[in-house]
Every structure is written in C-alpha cells, then in structure tokens.
Amino acid sequence: MKKLLALLLCLATALVFAGCINGGTNGDSDAWDYTTEPKHEPTGVTLNVYNWGEYIDDEVLDVNAAFTYLTGIEVNYKTFENNEAMYAILSSGAAEYDVVCPSDYMMGKMISEGMMKKLNFDNIPNYRYIGEEYKNLPYDPNNEYSVPYTWGTVGIFYNSNYVSEEDVHQNWDILWNEKYKGKILMFDNPRDAFMIALQKLGYSINTTNENEWNEAYELLAKQKPLLNQYVNDGVYDMMTGEEAWIAPYYAGDANIMIYGDAGNEAIKFYIPEDGTNFFVDAWGVLKDSKHPDEAEAYINFLCRTEVAKANAEYIGYSTPHVEARKVLDPAVGENPYFYPPENVMKNTDMYLQLDDATNKIQSDLWLKLRQ
Amino acid sequence: MKTLSKVYNGLIFAFLYAPIVVLIVFSFNSTSSRVKWSGFSLRWYEKLFGNAEILDCLKVTLEIALLSALIATVIGVLSALGIFAMNGKLRKAFLAVNNIPMVNPEIVTGISLMLLFVFVYRSVGLLQPGFTTLLIAHITFNIPYVILQVMPKLRQLDPRLYEAALDLGCPPTRAFCKVVLPEIVPGVLTGALMAFTMSLDDFVISYFNSGSSAQTLSVLIYNMTKKPITPEINALSTLMFGSIMVLLLVINIRQIKDMGQKANRS
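Quick note, the sequences are listed as chains A and B, same order. Going by numbering that gives the first Met the number 0, the residue at position 118 of the first sequence is 117; the numbering climbs one at a time, nothing skipped. Going by numbering that gives the first Met the number 0, the residue at position 207 of the second sequence is 206; the numbering climbs one at a time, nothing skipped.
Bear in mind the hints are in silico, worked out from the structure with no lab data behind them. Mixed in with the good hints, there may be bad ones.
[Stated by the list, open to error] Think about it this way: if two alpha-carbon atoms lie no more than 27 angstroms apart in a straight line, the pair counts; the simulated DSSO-like pairs of lysine-lysine are:
{"#": "1", "chain 1": "A", "residue 1": "Lys267", "chain 2": "A", "residue 2": "Lys223"}
{"#": "2", "chain 1": "A", "residue 1": "Lys223", "chain 2": "B", "residue 2": "Lys226"}
{"#": "3", "chain 1": "A", "residue 1": "Lys199", "chain 2": "B", "residue 2": "Lys225"}
{"#": "4", "chain 1": "A", "residue 1": "Lys38", "chain 2": "A", "residue 2": "Lys345"}
{"#": "5", "chain 1": "A", "residue 1": "Lys267", "chain 2": "B", "residue 2": "Lys35"}
{"#": "6", "chain 1": "A", "residue 1": "Lys221", "chain 2": "A", "residue 2": "Lys367"}
{"#": "7", "chain 1": "A", "residue 1": "Lys221", "chain 2": "A", "residue 2": "Lys108"}
{"#": "8", "chain 1": "B", "residue 1": "Lys226", "chain 2": "B", "residue 2": "Lys46"}
{"#": "9", "chain 1": "A", "residue 1": "Lys223", "chain 2": "A", "residue 2": "Lys359"}
{"#": "10", "chain 1": "B", "residue 1": "Lys225", "chain 2": "A", "residue 2": "Lys367"}
{"#": "11", "chain 1": "B", "residue 1": "Lys35", "chain 2": "A", "residue 2": "Lys180"}
{"#": "12", "chain 1": "B", "residue 1": "Lys225", "chain 2": "A", "residue 2": "Lys223"}
{"#": "13", "chain 1": "A", "residue 1": "Lys345", "chain 2": "A", "residue 2": "Lys267"}
{"#": "14", "chain 1": "B", "residue 1": "Lys261", "chain 2": "B", "residue 2": "Lys152"}
{"#": "15", "chain 1": "A", "residue 1": "Lys199", "chain 2": "A", "residue 2": "Lys367"}
{"#": "16", "chain 1": "A", "residue 1": "Lys267", "chain 2": "A", "residue 2": "Lys221"}
{"#": "17", "chain 1": "A", "residue 1": "Lys267", "chain 2": "B", "residue 2": "Lys261"}
{"#": "18", "chain 1": "B", "residue 1": "Lys5", "chain 2": "B", "residue 2": "Lys46"}
{"#": "19", "chain 1": "A", "residue 1": "Lys134", "chain 2": "A", "residue 2": "Lys116"}
{"#": "20", "chain 1": "A", "residue 1": "Lys221", "chain 2": "A", "residue 2": "Lys199"}
{"#": "21", "chain 1": "A", "residue 1": "Lys267", "chain 2": "A", "residue 2": "Lys178"}
{"#": "22", "chain 1": "A", "residue 1": "Lys367", "chain 2": "A", "residue 2": "Lys223"}
{"#": "23", "chain 1": "A", "residue 1": "Lys359", "chain 2": "B", "residue 2": "Lys225"}
{"#": "24", "chain 1": "A", "residue 1": "Lys180", "chain 2": "A", "residue 2": "Lys367"}
{"#": "25", "chain 1": "A", "residue 1": "Lys117", "chain 2": "A", "residue 2": "Lys134"}
{"#": "26", "chain 1": "A", "residue 1": "Lys108", "chain 2": "B", "residue 2": "Lys225"}
{"#": "27", "chain 1": "B", "residue 1": "Lys226", "chain 2": "A", "residue 2": "Lys108"}
{"#": "28", "chain 1": "B", "residue 1": "Lys261", "chain 2": "B", "residue 2": "Lys58"}
{"#": "29", "chain 1": "B", "residue 1": "Lys226", "chain 2": "A", "residue 2": "Lys267"}
{"#": "30", "chain 1": "B", "residue 1": "Lys226", "chain 2": "B", "residue 2": "Lys35"}
{"#": "31", "chain 1": "A", "residue 1": "Lys359", "chain 2": "A", "residue 2": "Lys134"}
{"#": "32", "chain 1": "A", "residue 1": "Lys367", "chain 2": "A", "residue 2": "Lys345"}
Next up, chain A with everything else stripped away, as it sits in the complex:
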C-alpha cells in the first residue's frame, strides 16, 4: 500500500510540475497583444467553425481566443482530416457548422450543390488585403462565396547531398530516373499522383479523356519499381532521416522538412516549370448557418493582418494576404519555395471536381496500381 501511495504521489507531482512550467513561458515579443484593445461583452452567440487539423495558430497567438475577446462571440472549433470526410459529414447533416474551410475544388462542388451562402462583403472589409491573383479563381469565378485562406503548390523535395541539381531541374523526370532507384517516394493518394503523371505527359490535370488516364496509369506503373514506397505523412521522417532522397510534396511542408526543429537543411525544393498543381483553401459560410453575420465577422477577423501573419507562420503554407506577407520574416515572405516567381506560377493548374465517370476511372486505375 505504501508503494502504491508513493507511486500516486509521484504521478501527482509530475502533473503539478507539468502544470507549473506551462505557466512560465509563452513569451513571443513579436506576437500581437490583442488584450490592449477593449474587451467585448459576451454576445451569447457560439459560432461553429470547421477547419483542417492543425490549421490555425493556437500557440503564439490563440486566434480563437482573440476573436472571442474582441467580439464576444464564442467559437466552437472542430477539425476534419480531408475534404471528402468533411463533405460527407456536412452533406449528410451529421453536424451543423457555420464557417468551413474546404479546398478549391471542394468549395466549387459545395457552391454548385447550393451548400454555401453568398457572402456579404460589406461585413468583410479586410477582404481588400487579399491579392488580386487569388480572387475570382475557377471554383468561385465571380468570388461571391469564398475568401482565400492559404495556398500552395506541389513540387519536388530532394536531398542536395545525394541528388544533383541538374538531375532535378528536369520538370518531373527525376521521379522516373533509374539512377535514384529505391530512393524515390511518391504520393499515396490518387489525385496528386495522377496529377504528376498527367503533367509529365502534357495533359490537363482535370482531363475527362479515358485514354489520357490510361497513359498516366502506364507511366505510374513504370515508376513503381523505382520507388522506395508510396507515402503520406511518412514523407517527413523518411526525407529528414535520409532514407529517401526525392519526394514530391506540398510546398508549405518545407516549413517542417527543411526549416523545422527536426528538419534537414540539406533538403531543397524545386517546382517544375512546365506545370504543377496550385491549390487554395478558402473560407465560406454554410447556407444553413444561423449566424451568418458572426460567421462573416470571423472570416473578416482571419483577414486582419496580425491574424493572417500569425496563421501564416503557424501553418507554414503561403498566405494570399498581401499585407501579412509584407510583415513576414523575409526568409519566408520572399522565399521562392513558398512564393514562386511568375514564370512558374503561370503554368500551374487548379484541381476541378471530377465527374463521376472520371472519378471511377481514377479510383479503378489507382487500385490497379497499388495492388
């Protein structure tokens, strides 16, 4: 019994200890101190926000707490893992949200299915800070429903200790280079994998032509024996640990893979000039929202320069917010990995929602490839 007591005591002290050290730190002199502004009385409204996991700053600047402090609106913040899961939950009515942050093609689908509400941009004056090149994109051509939050491209991460620059700077060809057999990783999701094959073949990444999909499949099948493996988030460990040298992935993840606390400085990033995917994640208000004004206030708040900067730093993806980009550390804000030059950007394409038939072709070919 005494031993047990001692054990419990140890555990309790550990907990107290952990609690104490938490109180001590939290100092980032650079962070915006919202408490200098007047605190708003509680309004009694709770806004339901549905966002990607790990996709808002809650460390340096607690964005949701700041919003509640300044507007008196409570935030019930929940996360999803991918567009399709989010869509399944929302379209089945299994949960009710006010504000949601889908990716471009999913936003387009939700708009076309009447799930989104037209925004009242009078409530979102900070929308003026969003760069013109991120407005009126194909998923929302007249920009009536959405406000861009983050964006990025897909490119190739490579370890410069083992892979020569000349070999990499050949569009997507490095991913088929026999010289690096066993050291190449590939996306373990059909859309991004087929995007690369279609780009390499010079076809549209949204093609509905079955022959073009078949050709892309042949190309991926040819690549398979050269691969170390297909990966998702395993890419971070395999690349930083140098188990693999070459991997296509999202530009924003340079933040983790290269500059992160467990990053590897030898890793470099290259965006194929002939074309890649350009994606935008954007906020919108759901049609069934009971608090559209508050929802727009939330979106407007996310477009405050201080908030957009904090989020850009936390998430690591590129920001469409012109003013926030100016106040970012130039090592980030002027970094061509995150903000590629015009000649690269002009060849990028956005995903569109594939029709059912094309979706079936894609998933059948993918299953065949991954067997």
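Based on the hints, put chain B in the right spot on chain A.
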C-alpha cells in the same frame, strides 16, 4: 527448455510493449522528430497542458467514457437479470440479438446511428447531433459487453439463496441488493471497465455521431495526421497509459488483499 520458454516470453512482451516504449521515450524528445533522439525535455508535456483543443477533447472523451460506462452498466445489469429470468428458448434468442451489435462492423453501427439521429433531428427537431447523440451511441455499443460479462455470474449464482432470502421475509429489492448483487459484482465491474475502455477506444462510431459540438480524442488525433503528429500526443498517451497502469495496479492489489483476508478468515 526453460530458457527457450523464457526467450519466447521475452519476445512476446517485447513485441507487445515495444511500441509503447518508443511512444513514451519520444514524448521526452526535445525536437519533434519521431526517429532521432535529440535530448531530454518536458516541452511536449508543457505544450500539451497549454493546448486547449486537446484538453477539451480529452474532457469530452473522459465524460463520454465515464457516463456511457455507468449508464450501460445499469441498463446492462437490468437486462441481464431480465434475460436470465426468461425460459430457455427466449433467452437464447435474446442473447443472439445481443451478440449482433458486437459482430456488426463498427462502420455500419456508426452510419446507421448517424442516419437515425439525422432523421429524428430533421423530422422532430430532437437530438441535435452533438454530445447527447455521441453518448447514446456509446451506450448502445457498450450494453452488449456488460450483459455478456454479467450473464455467467448469474448462471453461477445459486437461485436458492435468493429464494431463501425471500422466504425469510426479505423484500425482493433488498434481497437483490443484499444477496444477488454482491455475488455478481465482479462481473458488473469487469463489464463496466470493458465498457469504459471500449468507449475510450472507439473511433469509427464517434466519428459519425459527434456532431459539431463534441469531438473525441481519437477523432482529433486522426484529423492531425496530415501533418506529422506532434509529440504532444505522445505525451498525452504516456499520461493515459500511466493512469491506466495505476488503475490496474490498484485493482490488482485490492484483489490480492481481499484474497489474503478471505484466506485468513477461513
């Protein structure tokens, strides 16, 4: 031969516990790397206790686990008594029905419950998807486990004891509490404990039934997996593993002590 069996045992234990050891070790790593050890630090524990999102989900998870285990135990024990009092054929039929939810794929249970809740909410406006629906869902899949744990204890029970209590003038409720309950308590406790862990474990059913107001820990962790999972989760898992270890130790020590006392008495 003895050494061989020792080696075999060692291998099994290594296989079972290696993942947990790795998880615990890396919760003390000073960087977020999951492969490279870069020094001892408590920073992930510190971050964990400052992360309102994780703590909020932990609270929901524990509340749901405790409440659903409690309610499922009460319903489960009452059902077990009812089923036990039935005649052979009916009892068999009910036990078969009881087994269906356990062999039913979780995804089917999850989606069918979700559809039911959405239907009820849309047509009568009751049961908005959220904490309540999540709780109901967990109680639903917990009940069969409790029944399954209590039934064997009822079978072992000598029915004449209860009848004797009644013969001696004890009212039925009191007879149940004084005579039946103490005999089946081990089964009830195991059932409750199982219900608690099943609820803690569940991902699929929670995923579809948590609405917009109640996210459980397993769903939160799943939603983090697009980025590398932060070692805060290692820290949290370590603390949970530690707590469960302590809980198990307490239970075991109590049992040993009980047995010792009984042995002394006799």
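Against the structure, the hints come out as follows:
1. For the given pair, Lys267 of chain A sits about 23 angstroms from Lys223 of chain A by alpha-carbon distance, which is consistent with the 27 angstroms threshold.
2. Simply put, Lys223 of chain A and Lys226 of chain B have alpha-carbon atoms about 25 angstroms apart, close enough for the 27 angstroms limit, and the pair holds.
3. Of the pairs offered as hints, the one joining Lys199 of chain A and Lys225 of chain B holds, with about 26 angstroms between alpha carbons and a cut-off of 27 angstroms not exceeded.
4. Straight-line distance between C-alpha atoms of Lys38 of chain A and Lys345 of chain A comes to about 45 angstroms, which puts the hinted pair past the 27 angstroms bound.
5. A threshold of 27 angstroms between alpha carbons decides the hint, and for Lys267 of chain A with Lys35 of chain B the separation of about 20 angstroms falls inside it, so the pair holds.
6. Taking the CA atoms of Lys221 of chain A and Lys367 of chain A, the gap is about 13 angstroms. The hint holds against a cut of 27 angstroms.
7. Between the alpha carbons of Lys221 of chain A and Lys108 of chain A the distance comes to roughly 33 angstroms, so the proposed pair goes past 27 angstroms and is violated.
8. Annotation: proposed proximity of Lys226 of chain B to Lys46 of chain B holds, straight-line Cα distance about 17 angstroms (limit 27 angstroms).
9. Restraint check for Lys223 of chain A and Lys359 of chain A: the C-alpha separation of about 21 angstroms stays at or below 27 angstroms, so the hint holds.
10. Only pairs whose Cα atoms come within 27 angstroms are accepted, and Lys225 of chain B paired with Lys367 of chain A is accepted, the gap being roughly 24 angstroms.
11. Of the pairs offered as hints, the one joining Lys35 of chain B and Lys180 of chain A holds, with about 25 angstroms between alpha carbons and a cut-off of 27 angstroms not exceeded.
12. Taking the CA atoms of Lys225 of chain B and Lys223 of chain A, the gap is near 23 angstroms; set against the 27 angstroms cutoff, the hint holds.
13. A C-alpha spacing of about 22 angstroms is found between Lys345 of chain A and Lys267 of chain A, which places the hinted pair at or below 27 angstroms, so the restraint holds.
14. Annotation: proposed proximity of Lys261 of chain B to Lys152 of chain B holds, straight-line Cα distance about 20 angstroms (limit 27 angstroms).
15. For the hint linking Lys199 of chain A to Lys367 of chain A, the alpha-carbon distance of about 20 angstroms falls within 27 angstroms, and the restraint holds.
16. Using a Cα cut-off of 27 angstroms, the hinted pair Lys267 of chain A and Lys221 of chain A holds, with the two alpha carbons roughly 25 angstroms apart.
17. Proximity of Lys267 of chain A to Lys261 of chain B is assessed by CA-CA distance (about 70 angstroms); at most 27 angstroms being required, the pair is judged violated.
18. Between Lys5 of chain B and Lys46 of chain B the CA atoms are separated by roughly 41 angstroms; this puts the pair beyond 27 angstroms, and the hint is violated.
19. Simply put, Lys134 of chain A and Lys116 of chain A have alpha-carbon atoms about 17 angstroms apart, close enough for the 27 angstroms limit, and the pair holds.
20. Straight-line distance between C-alpha atoms of Lys221 of chain A and Lys199 of chain A comes to about 13 angstroms, which keeps the hinted pair within the 27 angstroms bound.
21. A threshold of 27 angstroms between alpha carbons decides the hint, and for Lys267 of chain A with Lys178 of chain A the separation of about 19 angstroms falls inside it, so the pair holds.
22. Under the criterion of a C-alpha separation no larger than 27 angstroms, the hint pairing Lys367 of chain A with Lys223 of chain A is consistent with the structure, at around 12 angstroms.
23. Between Lys359 of chain A and Lys225 of chain B, the direct Cα distance comes to roughly 24 angstroms. Compliance with the 27 angstroms bound is thereby established for this hinted pair.
24. Using a Cα cut-off of 27 angstroms, the hinted pair Lys180 of chain A and Lys367 of chain A holds, with the two alpha carbons roughly 22 angstroms apart.
25. Distance check on the hinted pair: Lys117 of chain A and Lys134 of chain A sit about 15 angstroms apart at the alpha-carbon level, within 27 angstroms; holds.
26. Simply put, Lys108 of chain A and Lys225 of chain B have alpha-carbon atoms about 22 angstroms apart, close enough for the 27 angstroms limit, and the pair holds.
27. Using a Cα cut-off of 27 angstroms, the hinted pair Lys226 of chain B and Lys108 of chain A holds, with the two alpha carbons roughly 25 angstroms apart.
28. Proximity of Lys261 of chain B to Lys58 of chain B is assessed by CA-CA distance (about 39 angstroms); at most 27 angstroms being required, the pair is judged violated.
29. Of the pairs offered as hints, the one joining Lys226 of chain B and Lys267 of chain A holds, with about 19 angstroms between alpha carbons and a cut-off of 27 angstroms not exceeded.
30. Between Lys226 of chain B and Lys35 of chain B, the direct Cα distance comes to roughly 18 angstroms. Compliance with the 27 angstroms bound is thereby established for this hinted pair.
31. For the given pair, Lys359 of chain A sits about 31 angstroms from Lys134 of chain A by alpha-carbon distance, which is inconsistent with the 27 angstroms threshold.
32. With a CA separation close to 33 angstroms, the supplied pair Lys367 of chain A and Lys345 of chain A exceeds the 27 angstroms bound.
In this structure, the hints that do not hold are numbers 4, 7, 17, 18, 28, 31, 32, in rising order.
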